[in-house]
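Protein chains: 2
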Amino acid sequence: MVGPLYRSVKKMNISILGAGNVATHLARAFSGAGHRVAVWNRSETGLLPLRGDLGCFCTVDMAALPIDTDVYIIAVKDDAVASVAHLLAEATRKHPHFRSLVAHTAGSLPMSLLEDCFGHCGVFYPMQTFSKSKPLDYSKIPFFVEEKGNQLKQLARSVSEHVFNLTSEQRKVLHLASVFACNFANHCYSIAEDVLKKIGVPFTALLPLIGETTDKVSVLSPLEAQTGPAVREDQVVMNSQLQLLSGNPDLQEIYARMSESIIKFKSHDRL
Amino acid sequence: MVGPLYRSVKKMNISILGAGNVATHLARAFSGAGHRVAVWNRSETGLLPLRGDLGCFCTVDMAALPIDTDVYIIAVKDDAVASVAHLLAEATRKHPHFRSLVAHTAGSLPMSLLEDCFGHCGVFYPMQTFSKSKPLDYSKIPFFVEEKGNQLKQLARSVSEHVFNLTSEQRKVLHLASVFACNFANHCYSIAEDVLKKIGVPFTALLPLIGETTDKVSVLSPLEAQTGPAVREDQVVMNSQLQLLSGNPDLQEIYARMSESIIKFKSHDRL
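These protein sequences, in sequence, are chains U and C.
Counting in numbering that gives the first Met the number 0, the first sequence runs from 0 upward without gaps.
Counting in numbering that gives the first Met the number 0, the second sequence runs from 0 upward without gaps.
Just chain U, with the same shape it has in the complex (with noise of 0.2 Å):
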């Protein structure tokens, strides 16, 4: 990375559709980087914070929204996309002219939602949690961008140093990844809690242990770093805690399969 990345990247005009966590964050990352942004909501609600930081021009009207706009980000629930679609193309509809980009911000959405009404339209996911109030340090998220053109890969650049093209069939992929990655992993430090209880050991008490073995996959990838009895192929350990676990049948069977997927895993890579 070379000084600020937006220097480099032509300003847009970006309108944002919705004032929530991805809309708000989105805000400030573009008028960060320089664009002038407009933002509408169907309600006051959550535009007032980026009126007055961020001094975007906000508005409960679509038709309202700047008609020399480059870019259309619709960045709203998911199964509130559609609707939202369907105001934007009516209230686009007197531009003689309309061939603005329309983007959405859903990653398990695919572009083609957008195909019947917009003649020029792409998807814009920024691949991570967003809360309102947690300040982000945008040019570490990775941004996954479809479109014909390359005018969001271009913006989403002027953000972020991660940027990837990806189809909708490969953005599912991604979202599997993320499934695994986020949300097995985090139910594996549900099961923790639960087999801690019966010693009266709070789960905090795993903190630095989960803290550092987060820590690792940022140098070593996650083949390199794992850890336990089942690398180890150690089967002492790995019976002694399948009979701890023999009250409960469904732990003791995700024990049995990812001790054995470990072993297999370790294996390929020698291949």
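Treat each hint with caution, since some may be false.
Which copy is meant is left open, so a pair is good if it fits within one copy or across any two.
[Unchecked claim] Okay, derived cross-link-like pairs now, BS3-like style, lysine-lysine, Cα gap no bigger than 30 Å in a straight line:
| # | residue 1 | residue 2 |
| --- | --- | --- |
| 1 | Lys171 | Lys197 |
| 2 | Lys215 | Lys196 |
| 3 | Lys152 | Lys76 |
| 4 | Lys196 | Lys147 |
| 5 | Lys171 | Lys196 |
Everything labelled a hint here was simulated from the structure, so no lab data went into it.
Take the given structure of chain U and dock chain C to it, following the hints.
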């Protein structure tokens, strides 16, 4: 926590056996808390930084360890604990009234391993992954102690805010919990890396999301922090993701078992 912990704790004479990662960090932690620390190691390797940086008394002759040692800590690899214990029993046989406490630091070994050699023994287990070069905040590390008296507890409290009494049987349960929270969570990362290879996205793209997932469980319980298709009972997404894994029955099985377990944990919580 009121001021530095060690101020209120009796200073002890500690002899550490070993000069590896755990031994080195314990020597730093004890010296930092104001205890007098001596270190024995089989070879000079590893002793140099302890002598230089910390000014510990260091020796390769076990019989030269201070005769007024309050606590001996055997901090060597699991499979060397028994032999070092025998060497120590040999070396201290000449002391006419040897009643010092001898403890090992191996989470997976029972206290009984030391009972044949010493009248007064215990386990002093700091639950963390240690690397010599990485500084750690010892006050955040949980220490699990097993002993007849409360000397190890006092020693642990002189460096950490998180000290627990655990029997050898309870420590097995703790180890099982750490296998889920660390080893199995890490394997979820490995699987994610494997899945991402199909679309040419590097594993590092998941790191911001993994970081947020881990941060969340320091403020919410993992059960409250759970997100994803399983906890939403979104069968459409789950079926589509199982379909994506159709080439790999092992991962399909893990996906199905983890998703079922997430749903069961949720209803268990509601009861």
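Evaluation of the provided hints:
Taking the closest pair of Cα atoms, Lys171 and Lys197 come within 30 Å of each other only across two copies (11 Å); inside a single copy the shortest separation is 39 Å, beyond that limit. In this assembly of identical chains, the alpha carbons of Lys215 and Lys196 lie at most 30 Å apart whether taken from the same copy (27 Å) or from different copies (20 Å). Taking identical chains as interchangeable, the C-alpha atoms of Lys152 and Lys76 lie at most 30 Å apart only when both belong to the same chain, with a minimum of 22 Å there against 51 Å between chains. Proximity of Lys196 to Lys147 under the C-alpha cut-off of 30 Å is restricted to the inter-copy arrangement: shortest distance 24 Å between copies versus 53 Å within a copy.
Proximity of Lys171 to Lys196 under the C-alpha cut-off of 30 Å is restricted to the inter-copy arrangement: shortest distance 13 Å between copies versus 36 Å within a copy.
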